[in-house]
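Enquirer: Could you build all of it, start to finish, from the sequences and the hints given here?
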Amino acid sequence: MSSVGSGCRQAFMRALLDEARKDPSIFVVTTDARGSAALDDFAKALPNQFVEAGIAEQDAVGIGAGLAHSGKRVFVCGPACFHSSRSVEQVRVDAAYADLDLKIVGVSGGVAYGALGATHHSLHDIALYRSIPNISVILPSDAAQAELVARALARRRGPAYVRMGRNPVPDSYAPGAAAFEFGKAERLREGRDCAIVACGEALHYARGAAELLAARGVECRLLDMPTIKPLDEAAILEAASDCGAVVTVEEAYAKGGLGGAAAEFLSERRPTPMLILGFPDEYLPAGSSDELFAHVGLDSSGIARRIEAFLARLGAGRAAP
Amino acid sequence: MTQIELQRLRIIALETRKRVMNMVFTGKGGHTGGSLSSVDILVALYFHALRFDPAKPDSPGRDRFIMSKGHSAEGLYCVLSRAGFFPDSWLSEYGRFGSRLFGHPTMGVPGVEMPTGALGHGLPVGVGMALADKRDGAGYRTFVLMGDGEQAEGSVWEAAMAGSNYSLDNLVGIVDYNGLQISGKVDDVMRLSPLAERWAAFGWMVVEIDGNDMGQLLAAFDALPARPGSPTLILARTIKGKGVSYIEGQASWHHKVPTKEQYDLALVELDAQIAVCAAEAAV
Numbered sequence: 001m002s003s004v005g006s007g008c009r010q011a012f013m014r015a016l017l018d019e020a021r022k023d024p025s026i027f028v029v030t031t032d033a034r035g036s037a038a039l040d041d042f043a044k045a046l047p048n049q050f051v052e053a054g055i056a057e058q059d060a061v062g063i064g065a066g067l068a069h070s071g072k073r074v075f076v077c078g079p080a081c082f083h084s085s086r087s088v089e090q091v092r093v094d095a096a097y098a099d100l101d102l103k104i105v106g107v108s109g110g111v112a113y114g115a116l117g118a119t120h121h122s123l124h125d126i127a128l129y130r131s132i133p134n135i136s137v138i139l140p141s142d143a144a145q146a147e148l149v150a151r152a153l154a155r156r157r158g159p160a161y162v163r164m165g166r167n168p169v170p171d172s173y174a175p176g177a178a179a180f181e182f183g184k185a186e187r188l189r190e191g192r193d194c195a196i197v198a199c200g201e202a203l204h205y206a207r208g209a210a211e212l213l214a215a216r217g218v219e220c221r222l223l224d225m226p227t228i229k230p231l232d233e234a235a236i237l238e239a240a241s242d243c244g245a246v247v248t249v250e251e252a253y254a255k256g257g258l259g260g261a262a263a264e265f266l267s268e269r270r271p272t273p274m275l276i277l278g279f280p281d282e283y284l285p286a287g288s289s290d291e292l293f294a295h296v297g298l299d300s301s302g303i304a305r306r307i308e309a310f311l312a313r314l315g316a317g318r319a320a321p
Numbered sequence: 001m002t003q004i005e006l007q008r009l010r011i012i013a014l015e016t017r018k019r020v021m022n023m024v025f026t027g028k029g030g031h032t033g034g035s036l037s038s039v040d041i042l043v044a045l046y047f048h049a050l051r052f053d054p055a056k057p058d059s060p061g062r063d064r065f066i067m068s069k070g071h072s073a074e075g076l077y078c079v080l081s082r083a084g085f086f087p088d089s090w091l092s093e094y095g096r097f098g099s100r101l102f103g104h105p106t107m108g109v110p111g112v113e114m115p116t117g118a119l120g121h122g123l124p125v126g127v128g129m130a131l132a133d134k135r136d137g138a139g140y141r142t143f144v145l146m147g148d149g150e151q152a153e154g155s156v157w158e159a160a161m162a163g164s165n166y167s168l169d170n171l172v173g174i175v176d177y178n179g180l181q182i183s184g185k186v187d188d189v190m191r192l193s194p195l196a197e198r199w200a201a202f203g204w205m206v207v208e209i210d211g212n213d214m215g216q217l218l219a220a221f222d223a224l225p226a227r228p229g230s231p232t233l234i235l236a237r238t239i240k241g242k243g244v245s246y247i248e249g250q251a252s253w254h255h256k257v258p259t260k261e262q263y264d265l266a267l268v269e270l271d272a273q274i275a276v277c278a279a280e281a282a283v
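First to last, the sequence lines map onto chains A and D. Under my numbering, the letters of the first sequence match residues 1 to 321, in that order. Under my numbering, the letters of the second sequence match residues 1 to 283, in that order.
If you're looking for bench data, these hints aren't it; they were derived computationally from the structure. Predicted model only: the values in this text are computed from it and were never measured. Keep in mind that the hints are not guaranteed to be accurate.
What the hints assert, rightly or not - In silico DSS-like links for lysine-lysine, alpha-carbon gap of 25 Å or less: (1) 184(A) x 255(A); (2) 256(D) x 56(D); (3) 184(A) x 229(A); (4) 260(D) x 44(A); (5) 22(A) x 256(D); (6) 256(D) x 28(D).
To be verified - Quick list of simulated restraints, FRET-style, between CB atoms: (7) 41(A) x 198(D): 18 to 26 Å; (8) 48(A) x 58(D): 22 to 30 Å; (9) 119(A) x 161(D): 20 to 28 Å; (10) 271(A) x 161(D): 50 to 58 Å; (11) 35(A) x 223(D): 20 to 28 Å; (12) 155(A) x 185(D): 33 to 41 Å; (13) 61(D) x 175(A): 46 to 54 Å; (14) 197(D) x 119(A): 50 to 58 Å; (15) 268(A) x 97(D): 48 to 56 Å; (16) 223(D) x 22(A): 40 to 48 Å; (17) 46(A) x 198(D): 30 to 38 Å; (18) 48(A) x 210(D): 38 to 46 Å; (19) 183(D) x 271(A): 46 to 54 Å; (20) 198(D) x 297(A): 15 to 23 Å.
Idealized CB from N, CA, C, for every residue including glycine.
Expert: Written as structure tokens, this is what we have:
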């Protein structure tokens with residue numbers, strides 16, 4: 001596995017262009033975000049399938065809905081911080097309620113724009129979109145998976161929110177072994193001391209934590225959960241019953257995201273001790289993405305340390321299931 | 001356009017007003033004032049201007065209509081049922097639990113293209129539909145009816161910019177300019193004047209008409225596109241509550257339900273107007 005990796009947004013857009021060459025009904029709408037959404041090649045290659053809406057997210061989603069209503073398969077692409085919120089009523093009404101084939105693709109999400117400040121962070125988007133019926137929520141974890149997500153969504157009808165980062169992200173899958181099945185988790189590591197369920201580009205920090213813990217004799221199962229809605233409940237249930245403790249890791253506010261989804265499900269089906277690791281309910285100091293992950297204890301060593309403390313709290317004498 | 005055809009449409013509009021009053025009265029809810037003000041516009045569209053087949057509401061070549069002022073749903077439902085999209089019996093379900101007809105247009109009702117009611121949504125969607133037509137060379141037109149209070153929504157102006165940017169002369173915006181919104185006079189809530197100049201400045205060809213005058217409506221729709229290469233904005237000056245004396249010009253009737261006495265009086269007034277139209281048509 002490469003430690004440098006590549007960018008999810010570039011991989012996603014390359015695959016989308018490839019799909020759009022084969023399917024002329026695939027349209028991209030953007031908001032002055034050709035560069036940030038890596039759409040230059042798409043705009044040049046397929047101008048008839050590309051629509052520039054200007055810096056106007058509400059209009060972009062409305063236009064996208066009108067195109068989708070006319071039989072286009074529409075991807076509205078732009079910075080996640082704006083697209084996740086500015087146009088949420090258009091997404092709810094014009095895409096999800098109207099049940100049109102429109103995808104919102106948010107790039108530079110989470111704290112990818114770290115130093116630009118909270119105006120440019122999108123940590124609320126998972127909770128926001130999870131709360132809207134008839135829209136799926138997907139966070140690819142690395143570039144290879146992002147490509148698979150693009151190809152899957154190019155063929156799958158219906159509203160979706162996809163969130164990716166900006167920077168190169170370490171590969172989580174071996175070359176050629178990346179996987180994405182809509183609504184399904186991928187098991188990346190075996191273990192019975194604890195299950196770590198992660199989504200999006202935070203997965204690589206979780207993987208690092210699992211490796212640190214393994215070196216200390218704590219074996220964690222690691223699940224990649226790219227589809228947060230619909231959640232792979234079977235995989236969560238199996239992890240809870242096999243491991244007896246579940247930790248979630250995400251680049252989102254800890255309230256209402258993947259952790260919230262897993263906790264809502266497990267509290268009803270199989271109450272299980274959980275540690276929900278995400279960003280705190282506050283605005284962050286200036287810093288790069290890596291610095292902010294470390295600041296909130298979401299880098300690999302921070303995650304490992306908090307999981308150890310969590311397992312210690314559960315009791316050294318906790319019987320292995 | 002013969003005088004007989006004009007009177008036929010006027011009578012349809014008056015009968016539609018009776019139907020609207022009945023829906024609001026029996027359904028115990030609805031947006032009376034705005035529905036009555038926009039009835040003539042809807043009748044001119046569905047019984048003269050729009051190209052559609054009610055048996056094939058999804059046919060690709062149909063003209064599109066979006067009721068962006070979704071709160072005036074009763075008028076739309078009455079016109080759609082009369083145009084043959086669904087049976088008249090659906091109208092009497094209105095206001096009951098599980099009715100197919102919600103208080104704002106929703107998907108699943110034949111003839112309703114988009115769910116509306118959150119204001120400022122219709123025009124951006126209309127831009128997308130018109131853009132799809134341009135890209136495909138399909139040859140249909142898209143009409144979007146907006147309220148005047150709705151003009152305060154920023155997304156309307158985002159779409160206004162995009163409509164002229166893409167030279168969408170297959171797109172027609174209509175403003176039901178009755179001058180009243182839920183709190184009172186539109187200009188007391190958020191001044192719109194000069195509305196025609198604002199639309200013109202955004203690159204639209206503006207046509208100002210009396211939106212309760214069937215002849216002016218038909219003439220405006222017959223002359224589309226008003227200027228090749230530009231979207232058209234029809235500024236239709238109307239009277240809120242048009243057709244019922246005690247509702248006309250009263251902001252308080254935005255979503256008021258008539259009493260039995262008021263309902264009966266409305267029918268008497270509308271029947272009298274129908275009789276006048278019928279007599280004129282017979283001459």
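Enquirer: Work down the list of hints and note, for each, if the structure agrees.
Expert: Taking the hints in turn, this is what the structure says about them:
Among the hinted pairs, residue 184(A) with residue 255(A) is consistent with the structure: their alpha-carbon atoms are about 22 Å apart, no more than 25 Å. Restraint check for residue 256(D) and residue 56(D): not satisfied, since their Cα atoms lie roughly 35 Å apart, outside the 25 Å limit. Our distance criterion of 25 Å between C-alpha atoms is met by residue 184(A) and residue 229(A), whose separation comes to about 10 Å. Proposed proximity of residue 260(D) and residue 44(A) is contradicted: the alpha carbons are some 64 Å apart, above 25 Å.
Restraint check: the Cα-Cα separation between residue 22(A) and residue 256(D) comes to about 54 Å, which exceeds 25 Å; the hinted pair is violated. With a C-alpha separation of about 9 Å, the suggested pair residue 256(D) and residue 28(D) falls inside the 25 Å cut-off, and the hint holds. Taking the beta carbon of each, residue 41(A) and residue 198(D) are about 38 Å apart, not inside 18 to 26 Å as hinted. A hinted range of 22 to 30 Å holds for the C-beta pair residue 48(A) and residue 58(D), which are about 24 Å apart.
A C-beta distance of roughly 23 Å is found between residue 119(A) and residue 161(D), which places it inside the suggested range of 20 to 28 Å. Under the hint 50 to 58 Å, the C-beta atoms of residue 271(A) and residue 161(D), about 53 Å apart, fit the expected range. Remark: the range hint 20 to 28 Å for residue 35(A) to residue 223(D) is contradicted by a beta-carbon distance near 43 Å. Between residue 155(A) and residue 185(D) the beta carbon distance is about 52 Å. The supplied range of 33 to 41 Å is therefore violated.
Separated by about 49 Å at the C-beta atoms, residue 61(D) and residue 175(A) satisfy the suggested range of 46 to 54 Å. At roughly 34 Å, the beta-carbon separation of residue 197(D) and residue 119(A) lies outside the given 50 to 58 Å, and the hint is violated. Taking the beta carbon of each, residue 268(A) and residue 97(D) are about 29 Å apart, not inside 48 to 56 Å as hinted. At roughly 43 Å, the beta carbons of residue 223(D) and residue 22(A) sit within the given window of 40 to 48 Å.
As the Cβ distance of residue 46(A) to residue 198(D) is approximately 35 Å, the hint placing it in 30 to 38 Å holds. At roughly 41 Å, the beta-carbon separation of residue 48(A) and residue 210(D) lies within the given 38 to 46 Å, and the hint holds. In this structure, residue 183(D) and residue 271(A) meet the distance hint of 46 to 54 Å, their C-beta atoms being roughly 50 Å apart. Checked against the hint of 15 to 23 Å, the C-beta distance between residue 198(D) and residue 297(A) comes to roughly 52 Å, which is inconsistent with it.
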